[in-house]
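The residues making up each chain are set out below.
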Amino acid sequence: MSMLSVRGVGYIYQSKYQSIEAVKNVSCDFHSGKLYAVTGPSGSGKSTLLSLLAGLDLPTSGEILVEGKSMASLDRDRYRREIASVVYQSFNLFPLLTALENVMYPMELLGKKKSEAVETAIQMIGEVGLGEKIYQQFPIMMSGGEQQRVAIARALSAGGKILLADEPTGNLDSANEENVVELLRTLAHKQGFLVIVITHNPYVAEQADEVYRMRDGELQTDGRV
Amino acid sequence: MMRHVGNSLRQMVRTPGRTVLFLLLLSLSSILLTLGEGLYLMSEQTVKKLESVFTTIGTVQQTHDEMTAQKVWDTEKKAYLDVASHAEYHSIIPVEKLYFEGANYIHPPVHRPYYGATHPDFTYRDDSYIRVMAQTRDRLPIVEVTPLQDCVPDHTVRLKLLRELYGRNGAAGREVQEWETILFCDHYNPNPKTLYAGKTYVMALEWRRSHAEWQRTHTGVDRLSGEYFPRSSDTNYGLSTQYLPDGKKIPEQFPMQERWDVVTEGFYDTPEGQRWLELAKAMEQLEHTIPVIPTDSTKLLMSFFNGNATIIDGRDISEKEYQSGKRVCLISQELSQMHGYSVGDTVPLPLFFADYRDSASRDFPPDSLPIGIPNHPLNAEGKAYQVFDDNQYVVVGIYNEINKATSSSGYDMAGYGVVVPAASIRSSDENNILDYGPMMGYNTVFQIPNGTIDQFRKAWEKQGIDGLEINFFDKGFTSLKESLDKIKQIALALSVAGIMVSILILLLFCHLFIGKQKKRTAIERSLGMNKLSCTTSLLAGILVIALLGSAIGSVIGYIFTGSAMSLFTSQAQGQIYSTAFSSWASAGGELNELPFEAGAVSPIVCLFTIAYLLVLSFGIALAQIRQNLKSEPLKLLSMREN
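From first to last, the protein sequence lines are chains A and B.
So the number in this note's numbering is just where the residue sits in the first sequence, counting from 1, plus 120.
The second sequence: position 222 = 214 (this note's numbering), numbered continuously.
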């Protein structure tokens, strides 16, 4: 069974003066243990699709199934807390929290004990290849690669199964880019995560197990490259 | 929930400059608010206290039409001498002139007399001046005399004393010794009549020091080195000054033709002779007379009003007792000590004359002052006044003056005085008006509501009535009220400033801590926090700082308010007592009690400030948070391209 199934999904932005159909009748499946890349030009609807996959919004038509259950029937806040995490191009760490506190944050939302949260956060930080010295550093003190790793560690800390990444290498140099892509591959292949990456970067797309291309809100033909 | 609060606070604490500034500014606005509210409420309370503690009275005095210098012949100097000028009134303005539209009286003005109450039991202390006078009778003897030889008394002459009708050493009718003589001079008469040896003359005498020349040649001859002159030698001065209630003088039925009368066989059976016997009787009666002061309120008596007279035992006469005319009284400590009267005892007050001209304290001054009891005590028929109201009064309080009168202003309390409700005297005094004069400050007093002096003045000026001088006394109420009104204005300005500042501060800092944290909200949302949790997370920090800031500020404001009102109180107390018409105060008298204290600040003011700031913080923060939550998280987090 697909971890995520998209069935005829469409999304229309309604504004006062116009309505824009950002996603048009998209259907596809995403499986655990795989790294997916969604590419396409700006305005093609790929980020809107990611927003829908993250449960931040509901499609105006069609449906998204999470392990066979309709997203519309789920508590989407809980879905994001427990199942799906999102990583951003601009990292989006809490600037006033340390690396350790940032990673602990999702666990605190889950009501875990502080000691347990600290232990898990340290483990997650280790898993993304960062050392002890990063624990008490604030985002502003870290490099872009370190921030993105901390962001990934935070995404993993809640124990979810889906990692959604929006241009995760967009602000990184090539060395860090490779490291992060490798980390995502590892998470998918060795830890069984479903990793979906929105990217313009051909290198990242090349490293994906499957690639979907979007244009004008539609997934091209069958979407596969 | 607590974790959200903790995270929120943690993030605020990590911008210490901004957070401390927020705290300080919010404390400042809290200070302004608390100070404003506190001062306003305290001013309100203080005004209410002032209203209940303070009294505004007005005294009415008719202004004289002219001052007449009195010239009196002095035999010794053989010349007319100027003695003290006295005020002349062409007519007496009735008190009804003061009953005009716009005069909002609590107690309207009434031209009050003081009454004389006589009773054989009323005697004075042996060491009191009046008692010494009564015993020696040096001042006002009524005697029969005859010259040793024919003489014109334009110098000191010796007269043989034949009889005392009212005398120096005892009651009327005592035996006069054969050898007794007195020194006599018709001192103030430019044309003294001849006294003939062998004739008996009856006259009322007054004592004065002997002529200097006589003293030089006769030192040691007379114990007192003094002489007598005929009391009636002042031609304006009869034995009766009886008036009608409308202020018209009743002509004496048997006026004095000379300064003395010649006593012949059967003289005392004539009306003229009876008049001398009545005079002696009246003088005897005055020795057993105490002054009774009728009033509508104790506060209308200046000595009580200005705090010099206080009740030292028992209580004041109540407003109800004043209104109903209950027969209760306040007695002076002297009277209480003299007769052993205590609170609850009954005092007989047989009233026999009413004096609408003089003040009781001038005619019956406290000890150690010259006596001024009425020396024209007969009615127009030449008879002693009869009691017109005879009732028993229950003593409800005993008063004392802190400082006894040192001047003859007339505003002080009389010696051995009794204060009674005016309404308790139900019998008419129309046939017993011993003297009548214009309205004076000590006998015509009214009370108006506090703070209405200007209003009264304007209404009075519209009447266009000349000849009356109205003085107001409010112990500084008007000035205090003006000060309090200013404080209230300042308090309002502080409160408005506090409200404005607090709104601006909260708008600014909610923008910084919430509006500028849209991304944080978006991250939290993307991490799975629901909207309520996001709201809690953002609100908690703001509310905790708001609570802290408002609490600190309100406590400081509370302290400032107390200090400000203490300062006001100490300054205000200095101006409470007017020294005008208060001889003891102008003489440096000490107050034993201050009747004024500012209202107390209620800690509720602090709670109100805290509650206001918390509600305001909550409202502004919530509005800001709603804006945050309206934003699409992914758009904010740069995921959405569309």
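No lab work stands behind these hints: they were computed from the structure.
Incorrect hints may appear among the rest.
Here's a subset of chain A near chain B, in silico, CB distances under 7 Å, partners left out [said to hold, decoys possible]:
| hint | residue |
| --- | --- |
| 1 | 127 |
| 2 | 194 |
| 3 | 197 |
| 4 | 208 |
| 5 | 262 |
Restricting the straight-line Cα-Cα distance to at most 20 Å, the calculated cross-link-like pairs of lysine to aspartate or glutamate (EDC-like) are [what the hints assert, rightly or not]:
| hint | chain 1 | residue 1 | chain 2 | residue 2 |
| --- | --- | --- | --- | --- |
| 6 | B | 454 | B | 80 |
| 7 | B | 240 | B | 167 |
| 8 | B | 622 | A | 247 |
| 9 | B | 89 | B | 373 |
| 10 | B | 375 | B | 244 |
| 11 | B | 89 | B | 458 |
| 12 | B | 523 | A | 202 |
| 13 | B | 89 | B | 57 |
| 14 | B | 622 | A | 177 |
| 15 | B | 273 | B | 170 |
| 16 | B | 523 | A | 195 |
| 17 | B | 152 | B | 88 |
| 18 | B | 511 | A | 177 |
| 19 | B | 523 | A | 228 |
| 20 | A | 189 | A | 202 |
| 21 | A | 136 | B | 257 |
| 22 | B | 510 | A | 197 |
| 23 | B | 523 | A | 177 |
| 24 | B | 291 | B | 624 |
| 25 | A | 281 | A | 247 |
| 26 | B | 622 | A | 195 |
| 27 | B | 511 | A | 197 |
| 28 | B | 523 | A | 197 |
| 29 | B | 191 | B | 257 |
| 30 | B | 510 | A | 177 |
| 31 | B | 63 | B | 80 |
| 32 | B | 291 | B | 311 |
| 33 | B | 478 | B | 36 |
| 34 | B | 375 | B | 264 |
The C-beta atom is built at its ideal place from N, Cα and C for all residues, glycine as well.
The hints, checked one at a time:
1. Here the hint on residue 127/A is broken, as its CB sits about 21 Å from the closest CB of chain B, past 7 Å.
2. Restraint check, residue 194/A versus chain B: the minimum CB separation of about 12 Å is more than 7 Å; hint violated.
3. Given the 7 Å rule on beta carbons, the hint for residue 197/A holds: about 4 Å separates it from the nearest Cβ of chain B.
4. Among the interface hints, the one on residue 208/A holds; its C-beta lies about 5 Å from the nearest C-beta in chain B, closer than the 7 Å criterion.
5. For residue 262/A, the suggested interface contact is broken, since its CB lies about 16 Å from the closest CB of chain B, more than 7 Å.
6. Among the hinted pairs, residue 454/B with residue 80/B is inconsistent with the structure: their alpha-carbon atoms are about 27 Å apart, more than 20 Å.
7. This hinted pair does not check out: residue 240/B and residue 167/B have alpha carbons roughly 42 Å apart, beyond 20 Å.
8. In summary, the hint linking residue 622/B to residue 247/A is not supported, as the alpha carbons are separated by about 36 Å, beyond the 20 Å threshold.
9. Between residue 89/B and residue 373/B the alpha-carbon distance is near 32 Å, which puts this suggested pair outside the 20 Å criterion.
10. With a C-alpha separation of about 10 Å, the suggested pair residue 375/B and residue 244/B falls inside the 20 Å cut-off, and the hint holds.
11. Using a Cα cut-off of 20 Å, the hinted pair residue 89/B and residue 458/B holds, with the two alpha carbons roughly 10 Å apart.
12. With a CA separation close to 17 Å, the supplied pair residue 523/B and residue 202/A stays within the 20 Å bound.
13. Our distance criterion of 20 Å between C-alpha atoms is met by residue 89/B and residue 57/B, whose separation comes to about 18 Å.
14. Between residue 622/B and residue 177/A the alpha-carbon distance is near 13 Å, which keeps this suggested pair within the 20 Å criterion.
15. At most 20 Å may separate the alpha-carbon atoms for a hinted pair to count; residue 273/B and residue 170/B exceed this at roughly 25 Å.
16. For a cut-off of 20 Å, the pair hint linking residue 523/B to residue 195/A stands: about 13 Å separates their Cα positions.
17. Restraint check: the Cα-Cα separation between residue 152/B and residue 88/B comes to about 54 Å, which exceeds 20 Å; the hinted pair is violated.
18. With a C-alpha separation of about 17 Å, the suggested pairing of residue 511/B with residue 177/A holds against the 20 Å cut-off.
19. Annotation: proposed proximity of residue 523/B to residue 228/A holds, straight-line Cα distance about 16 Å (limit 20 Å).
20. Between residue 189/A and residue 202/A, the direct Cα distance comes to roughly 15 Å. Compliance with the 20 Å bound is thereby established for this hinted pair.
21. Of the pairs offered as hints, the one joining residue 136/A and residue 257/B is violated, with about 133 Å between alpha carbons and a cut-off of 20 Å exceeded.
22. Among the hinted pairs, residue 510/B with residue 197/A is consistent with the structure: their alpha-carbon atoms are about 18 Å apart, no more than 20 Å.
23. Under the criterion of a C-alpha separation no larger than 20 Å, the hint pairing residue 523/B with residue 177/A is consistent with the structure, at around 14 Å.
24. As the CA atoms of residue 291/B and residue 624/B are separated by approximately 77 Å, the hinted pair breaks the 20 Å bound.
25. For the suggested pair residue 281/A and residue 247/A, the alpha carbons sit about 16 Å apart, so the restraint of at most 20 Å is met.
26. Taking the CA atoms of residue 622/B and residue 195/A, the gap is about 19 Å. The hint holds against a cut of 20 Å.
27. Of the pairs offered as hints, the one joining residue 511/B and residue 197/A holds, with about 17 Å between alpha carbons and a cut-off of 20 Å not exceeded.
28. A threshold of 20 Å between alpha carbons decides the hint, and for residue 523/B with residue 197/A the separation of about 9 Å falls inside it, so the pair holds.
29. For the hint pairing residue 191/B with residue 257/B, the CA-to-CA distance comes to about 11 Å; that is within 20 Å, so the pair holds.
30. Distance hint between residue 510/B and residue 177/A is fulfilled; the C-alpha atoms sit about 18 Å from each other, no more than 20 Å.
31. Distance hint between residue 63/B and residue 80/B is fulfilled; the C-alpha atoms sit about 15 Å from each other, no more than 20 Å.
32. A C-alpha spacing of about 11 Å is found between residue 291/B and residue 311/B, which places the hinted pair at or below 20 Å, so the restraint holds.
33. Distance hint between residue 478/B and residue 36/B is fulfilled; the C-alpha atoms sit about 12 Å from each other, no more than 20 Å.
34. For a cut-off of 20 Å, the pair hint linking residue 375/B to residue 264/B stands: about 11 Å separates their Cα positions.
Hints 1, 2, 5, 6, 7, 8, 9, 15, 17, 21 and 24 from the list above are not met by this structure, while the remaining hints are.
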